[in-house]
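Colleague: Each chain, letter by letter, is given below.
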Amino acid sequence: MTTKLFGEPVRRREDARLITGQGRYLDDIGSSAYAAAFLRSPYAHARIVDVDVTAAVDVEGLLAVYTYEDLVGPMAEPLPVLIPHPQLTSPRTGYPLAKDVVHHVGEAVVMVVATDRYVAEDALDKIAVTYEELPVVVGVDAARAAVHAVHDDVPDNVAARHHQETGDVEPALAASPHTLSFTQYFERSAAMPMEGKGVHARWDGDDSSLRVYTSTQASTSVRAAIAAKLQLSLERVEVIAPDVGGGFGVKIVHPWPEELLVPMAARLLGHEVKWSEDRREHFTSSAHERQQRQEVTVGYDDDGRITALDVHIWHDNGAYTPYGIIVPIVTATQLVGPYVVPVYRVQVESVFTNTVIVTPYRGAGRPQGCFAMERAMDRIAQERGLDRAEVRLRNLIQADQFPYDHHLTFQDGRPVVYDSGDYVGLMDKLKALVHWDSFEDRRTEARARGRHLGIGMAMYVEGTGPGPYEGGHVQVLGSGKVLVSTGLTSQGQGHETVFAQLVASELGVPMEDVEVTTGDTRRFGYAVGTFASRAAVMSGNAVALAARGVKEKALRIAADVLEVDPGDLEIDEGLVQVKGTPGASIPLRTVAVLSNPLRYAFDEAAKQATQFAGPGDDSKPPVAAGDAPGLEHTDYYSPVRSTFASGAHAAVVEIDPMTWEIEVVDYAVVHDCGNVVNPMIVEGQVHGGVAQGVGGALYERMAYDRDGQLQNASFMDFLMPYASEVPDVVIDHQETASPLNPLGLKGAGEAGVIPGSAAIASAIEDAVGRRIAAMPISPTELYDLVRSDADQVTNTVGPTNATGAMA
Amino acid sequence: MKPAPFGYADPTTVEDALDVLAADEGAKVLAGGQSLLPLLSMRLAAPTTLVDINRVPGLDGIEATRDGVRVGALVRHVALLGSTEAAAVQPLLGRATANVAHPAIRNRGTTVGSIAHADPSGELTSVLALTDGSVTVATPGGRETVGWRDFFVGPLETSVHGPAVVLDAFFPALPARSGTAFAEIARRKGDYAVCGAGVVVTLDADRRVASARAAYLSVGLVPEVHDLTDAVAGKPVDSADWAAAGELARGLVDPDGDLHASADYRRLLVGTLTGRTLAQAAAEAAGRTA
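Sequence lines, in order, name chains C and F. Heads up, the first sequence stops at 807 in the working numbering, and the numbers go up one at a time, no gaps. Heads up, the second sequence stops at 290 in the working numbering, and the numbers go up one at a time, no gaps.
I should point out that these hints are in silico values taken from the structure, not numbers from a laboratory. Every residue, glycine too, gets a C-beta built ideally from N, C-alpha and C. The reader is advised that the hints may include incorrect statements.
[Unchecked claim] FRET-style restraints, in silico, Cβ to Cβ:
hint, chain 1, residue 1, chain 2, residue 2, range
1, C, Arg47, F, Arg188, 36 to 46 Å
2, F, Pro38, C, His178, 51 to 61 Å
3, C, Asp278, F, Arg108, 16 to 26 Å
[Stated by the list, open to error] Straight line, CA to CA, 27 Å or less: simulated DSSO-like cross-link-like pairs of lysine-lysine:
hint, chain 1, residue 1, chain 2, residue 2
4, F, Lys28, C, Lys126
5, C, Lys126, C, Lys99
6, C, Lys4, C, Lys579
7, C, Lys4, C, Lys481
8, C, Lys607, C, Lys620
9, C, Lys126, F, Lys2
Bound-form chain F, shown alone (with noise of 0.2 Å):
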């Protein structure tokens, strides 16, 4: 299990980094290597170049804002982890992170990373779907915003081609009066989730139910958001039925068997985990409609 023969370039810039990756159709960029280098070693892919963009600077910074919470494509998961800032604009991102891998991955493992690789078992994929969040990807062209339905186009698969960076993913803050949840199973602790829920619970001001919306992992073949509203829309926090927007979820989601589970069971675990969440969520949203 050793890589085939391939190139290194260590830019320094952005734009150095595009003009390897121009010269070079089978370069790829290189982060924090937790999924391309196993890869490479088992030789299930053999770029050319990798074009490692860790020595540019400026890319690892989470600028958390009113408006929403922007991290950098050299930003690890432990970082995004533990940032309170973050957390205080969009909760989900540290709860959906905690649920990323073991810590020696998280360690090295890049948030921004995760979403470029477009696995549909990413938690940081969901999420951003969730938020209605987008990326801005650098090309020789210039600096362009793509929101996350126009990125993610399939399993391991996003509508960026040909020489291009992706330097940032932004998730916008969560609303007023909501409340978020965010769970998994796994086989084992710290594996690909056999299915994941991250949910956002929306109240108004009567605390009633104003909108319930998930998204799932491992259940697609791209990120999915679906919104639930409908089993508990303006029924009190209190009282609404979470469970029948679990069942309204397990009739909406086309989930694919595979090794760990059955396409049965992971519709199971989509009307659990969607009633868990939101009843979690709802809980959470009520405490900040006071």
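Pulled out of the complex, with its shape left as it was, chain C reads as follows (with noise of 0.2 Å):
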């Protein structure tokens, strides 16, 4: 076949509209919509005592104003739980509009329309809120202590306990020959993709219909979250996501209230209405991730081998949970990496704060549990006296282990057995790749310059493609022209490329003639979203099975008209011939054409399937029993249960102790993500993940100071690394294929992000041998840690630190 595409560096071919100002995103749409703004809380937490509108009602161009007193119906109810779970014992929600209480600054409280944007805020300016203030939460300790709630009717501050374990883990630490214990902070960051939500809504009256755009990860959610607030029947309702620049997780979260609200006032004013999130709400309105308070306990044996592990985590879930213990499970389960750990126990605590809610950002919890066990690695390695790479190479699982079970319940309900790896190949790899064993002569050359130099490494595991499934639709048209649709979204992954690709190779057509839509509800109905790196699985596998379908059909009517067996054909380029015999081909696009039968023809192609073109079996209807006009098929993929990628990163440090500076200035990936259908979008991807892990472990943080006010809400002082920032990575590849699914693959979008902290900790340590208990870090924080006399300190606790771990 000479149509081979799968595995190679085919270059992005959304590219060129993405970067020369052809695509179409959320606010590229709907020039003369209304616009809708939102008058959103200055308080964490405060009882709303008044709201007058009176005076923005003279604003000129002001269309309408909404308060909770104008939800009616499903929308006065609170937004949904969107992943129950048993241990969520104490779900909250906001609702679309501030209900008496808001619980952290920047929920909505009042909607209004008007003419433009600017008008909108002119008349936001105009709105007096009386506002009765309660006593804040901010950050996992506070809301341990739970001096003060942050639900009324939820005392303790505690949404869920999330719970598992693998044996008796306290006999298993007391005959463990040696413990050690720690307790350690991950801070707050966020997804912050460069194209904040948005949602455009445009009512039909005379056809009672609804189109809704949302830079939205999930538009068949979206939809049906719309449908059933609105209270309107599902095919009345349509939605689509167009160009979304960037999610990271973010997006996968809906209904937003703005979701709802928009698609209402559209409806209500009977004009399209559109929002389009500003920086400062982003900041302040969507949703962050990652801080953990984190108290583990390792016993090891004299080898460094691990006997048992117990862990006890406090999650800050923010002021909401409508997406469940998502990110707590995640947590508990991704912890132990690709380690064999006889005996675990974890216990995940989520609590609520007055800040904005948490929900997955890229790495999902993951980033987390790798900084919980990587740590741990470099502890034990610390006390044993041997080499950090030594002690990992001791306790990974072996490759004749697979599938190996961890006795643990991942966040798909199904049990963490993972598929298939290599990870003593992966440190090789690793270490080769880095030069680990030759370090200290560079460390002894940067010392001569008056640097510190210091090397890190971590692992991860990550649980990848969870279902429950996806669809692919693909049709062949008398044109040749190949359509595939998939329900899930696309964010700039490069989808349009990779499901391309796929498909041109399954059927053996030119890659041109393949055009791909994702995430519009008028092409695919069904789908669950893009989200957990599961679009090249999920989506990835269900196009190819629909291929092949479209394959099958092609070939039993191509072998009809050429009277050969279908087994005796081949489709290359385009055209379908019977191998080995030149000549005896019919194009694809005729085959489409004839699977149509017609008694109307509007072309030339079309004329062949009409009811005089030819002979025909006068005997047999034109379309079979059980058959279909056509050449199309559609299929789904749906995994037993989730597939686990895995990689190793190494970083190394230098550090300038008259300012105590920190530069990544290697960073080393290897990386196990099966096969790879397109090795530069992978290598695209694992960029981009590893300047987050960057960005998280010496730059960003949510700076929420002790009244829940978000200090540096700005790209000017939340500090995403620029280019400048991000070091070079170099990257090798191990494909381990998945035996889970048709064509092998595992997930690779998050892969980048989680071993970032981790691995840079442990640098940093490598460099100035003090420990970390505490990322990101700042040199002005290193500088409060090398000053400190305690051999282990936490730098959460700090003058400069005004964060909710130390709130």
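Both chains are sitting in their own frames, so use the hints and assemble them into the complex.
Modeller: So this is what it looks like as structure tokens:
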């Protein structure tokens, strides 16, 4: 076959459009739409005493003002708890517009609609809300202390106690030759896509139907939510994710209040309404992730092999729990990584705070779990006087132990059974890639320059491609064009390229003939969404299966025409031909025409399929029983459980002891996501992930003060790294195919971010010889750390740190 | 994030600009807009009228003479950065401007606008102070020269009130047998400095240190200049203890802490940057003292 595309570094076909301004993002849609804007709470916890809109009504161009009082039916009920769980005993969600009490700064209280966004903001300025301030809870420690409650009826602030264990941990620890314990913190960051959220809604009064564009990672589910909340029949609602400028998790949450309120307003006003989130709104009214307090106790033997592990985590879930306890579960189950842990107990207490909600951000609890496990590895190495790589090697699951059952339950409700992997192989490649064994020479050279050099590593296993399912539809048109659609959405990952590669490969057509549509409920109504590194695994396999269905049908029809056995046919470059017999062929596009028997011809190609075009078999109906017209096929892929990707990262940091600036001078990644469809796209995913990992390790944090005010709600003070702060990344691949799906794929989207904080913390410790018990770490905090007398210092406690961890 | 309603005037003479400013107490001058427009969009500032001076001719010149460099109100950072004439007279101008934000901001932002904004983290505010410079202010009453000490009165606050346009800034020339250096530390490249330092070292004819002075960014409420000569006075340029001068500086400053740096950490950086920049400046001064 000449159309081999699977595994090739095909250039991203969407890039030309996206980087030359031809993309169609949310704000590019509906230039004549009315603009919605929101008045949001300036207090972290307060009772709404009065909302006075009288002065706003005089603003010329104001069209409507909505408060909670204007919401009716399901809209007046709390937003859904998307993922219920038996251990989520006290779920709480907000309302589309706040009712009585606000629970975090940024919560929407009033929506206005005006002729444009300027006027809408003028009107907001004139609305007077009277609040009665209530006590504020910020940070896991304050939530845990429970002096004040975020929700009156949850006095201990605990939304959920998530608990899993694989054996009796206390006797196992007691019987361990050695144990060590430590407490550490991980801070809040956020997804921060370039494009914020946004919604455009158009109500067709004549048709009683609604079209909604939203910058989402889950258009089918937004559609269902809108239909339910606005009491519309599902077929009256269509939801489309246009080009989406990044998601990284925050846009999997739905329905956001605005996704309901904007369509509601469009219907009430009989006019298009649009809302585009601005950056300040995104900081205080979208979602964050990652703050945890972790208490780790690990038992191990003389050789540094783990005998038992006991972890107790306090997880800050913010003010509400719309996304359930997915992040706590992911931390709890992915913490064990690539290691054999004979007895494991984990408890995660998911606690409320008066801060922005916490939902998955690329990595989704894994960076925290990796941080706990990898810090434990480093400490065991230190206690036993062993090389850090050697300790890890001794604890790795071996290649002959797959499938490996951790006896845990993953975020999809399915067992954590690692399907395949070669973790020793990862470690060997990583050590070679970063020259681990000759590092002391570099350290000596740096010392001569007055710099501290340090190296660190971290490994991870990532459950990817969770179900329940995705589907794909492939259709060959009479023109030869191949239409592919899948319901999950794209946020810039390169799906148009990868799915086209897969279909072109499976079907034997040129990639240029393949057109891919994602996230449009008009084209594909069934989908789950884009999250958890699942698009390639789920929709990749689904579109491949759909393409196989199309191929089977094409060969059947072509075999009839060519009077051969379908098994003797192949498709190459869009031509169905008899293997080894040049000339005996029929173009696939002709097969497509013939697949649909016609009465009416509307072009030359169609004539071939009309009823007088040629001799037919009068004894059979034109469409056989059980068959369908058209050369198309829909198929679904639904996995029995998640597939587990893996990797190993190493970082080299250089520290200036005169300024304590930290520079990541080398960053090495060995990555295994099973069979690779497009290595260029996988590397791009890894690069982006590493950038976010470096950001989370050294730059980004949500700096809440004790009053629950976010002190750095702009890109001036929230330090997302620039290209100048992100190191060059060297990558080596390992391909351990997944036995779970037809294409042998594992997910790649989140991998790059997971071990960043663990590896960089390890490297900084190695450089300065002080234990790091909280990430991120900044130069000013490192300066405090090296000046302190304590052997083990938590740098969350310091005069400069206004973060939730110490508030 | 859309500005509140405001009026807009684009006068073509300084006098017309002053007329608009005099008639409207809430009016503000717009030059490069790199600080003002974000403040407007966040509704942290709501001037009643923006007086856009970009159409006023004659304000975009860089005039380098033996005495110093005069930079007009519409000179963009990028122009000053590229001016070899200015650099020859006062090398600190280019060295400091290279640290101003990113190219997109340097293309629009103006040197004088940055000075009139009086942000103590501004690079050129500290250079104006270090070089003992001044600004020319036009008011309905005429034009006057205001020295930097009188001009900067607080963070984001100058002594100029009422209708006024800052027409230019004047940076005196580098004295003979002198060298300069400028360095800053920011969390990310191009960010506001956590701490920055500009220094001038002057030698005597025997290549001994005659004077060492430094100005800092993001350290005080207004630009401050510290004379560090005592730590190194009279020492041969090759053996002066610049780190000691850094230690001296560390004791002279009184910075505040914020999200990105504690006061202690800023003092550390003052010491380190002072020592390092003085050594560089001294080497340059030695090269100019043949």
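Colleague: Work down the list of hints and note, for each, if the structure agrees.
Modeller: Cross-check of the supplied hints:
no., hint, result
1, Arg47(C) to Arg188(F): 36 to 46 Å, "holds (40 Å)"
2, Pro38(F) to His178(C): 51 to 61 Å, "holds (56 Å)"
3, Asp278(C) to Arg108(F): 16 to 26 Å, "holds (21 Å)"
4, Lys28(F) to Lys126(C), "holds (24 Å)"
5, Lys126(C) to Lys99(C), "holds (20 Å)"
6, Lys4(C) to Lys579(C), "holds (17 Å)"
7, Lys4(C) to Lys481(C), "holds (18 Å)"
8, Lys607(C) to Lys620(C), "holds (20 Å)"
9, Lys126(C) to Lys2(F), "holds (15 Å)"
The structure agrees with every numbered hint stated previously.
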